[in-house]
Amino acid sequence: MKEDYLSNKTGTDPEIERLENLLSAYRYQETDVPLVPSKIRNMVIVEPKRWTLSFSFGLAFAAFAAVVVGVGIWFLFMDNSSDSSPVLIAKSPNQPVVTGPIKLASTENIVNLPAIVKTQKATQQPVMAVLRSKRSKLRIYIARVPEVKKAPVVLSKEERYAYSQLMLALAITSEKLKVVGDTINRTDERTNPNRTNNR
Amino acid sequence: MKVFNKITVSISIVLFSLVAANAVAGQDARLHFERLSGLEARARDVVEVNVDGKLLDLAKRVATKIKDKDGDAKKVAEAISGLKGIYVRVYNFERENEYNVSDVDQIRSQLNSPGWEMLANVRSKKNDQKVDIYTMFTGDVMSGVAVVISESKSIALVNVIGMIDIETLIDLSGKMNIPKIDVIRDSNTPKPKRDKE
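Sequence lines, in order, name chains A and B.
For the first sequence, the numbering used here begins at 1 and goes up steadily by one.
For the second sequence, the numbering used here begins at 1001 and goes up steadily by one.
No lab work stands behind these hints, which were simulated from the structure alone.
Where is the CB? At the ideal position from N, CA and C, for every residue including glycine.
The reader is advised that the hints may include incorrect statements.
Unchecked claim - Estimated spans, in silico, between C-beta atoms of each pair:
(1) A:190 / B:1061: 21 to 31 Å
(2) A:191 / B:1054: 23 to 33 Å
(3) B:1071 / A:64: 48 to 58 Å
To be verified - Residues from chain A that keep clear of chain B, each with C-beta distances beyond 12 Å, as calculated:
(4) 8
(5) 32
(6) 154
(7) 165
(8) 179
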């Protein structure tokens, strides 16, 4: 192999020439510019609709806002001391519920809670838990959804009298009907002692 | 003018017959307890309950208004929805044969009138017990029930007018506001033995 032929194409190198001849089919050939086809399809560029864009932006903004609010709340309640950690004050309506401003500085305060706690009456909305922060005065009350109690039926004096009379009459009637039934059953048993009573 | 008079008369007759039929259907099942009023002075305990008309309507309204956990009030309201009247008389006496048997027989004779059908009739020598239960039907619909129980020391009469669900009533005995009371038996009276007689 002579380097002159390979670099400057001067002289001869049969080995390279043989390879050139073999690869000649792939040699670059300068041709004319290809013609444009007679039928050209128009490409339709679909632009995104405005509401889609606005919805996407809105969604992104909402997600961003949620993240910001979440981080804000986390910072709001984050405190180095352990006193501001969320404290479950009341679990059920029967348990005492905090109604006044109470400083929950430590776990000792939680232990001493009954001393500064007022029992909540059933008429008040039961509080399930209270989240509070020492840094800010914000308190979040997690309230139990109150059970919808139906108002008791209020009966007038006349209604009560009428109902009691009817109930008395029905009570005696049912009692007498039972007496009749028992008597008939007894009679049946006496007359047909072998008969099985299914009642 | 004659045609007008005829039409008026015929309409009046039809209306009258309708009203009369309605009245008869409602009143047929009613027993007359007036003769028993003399027993009140002799009896130790007297229970007299009359529930009909506006009082019954009021009680029905209350029964539908009340809502309890078991739904017994609703059952009662449904059981008495067709009720038109209920009359109860209970007389308890201190001693045996303190009342005149003919007074009760007079009530029983009312049940021999057409319309009443005897459902059960039991006679027992023990305590001189007589138990009668009669029903009255208007078509396929029950329009009355009569229960007559007489023993040596007590009389009990129940007259139900209209339709009533007896099975439900018996099921609800002792529940809700229906007190489980025993008017006939007192604490000294032993419970009847079933097998030994």
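Quiz item: Looking back at the hints listed earlier, which ones does the structure fail to meet?
Solution: Failing hints, ascending: 1, 2, 6, 7, 8.
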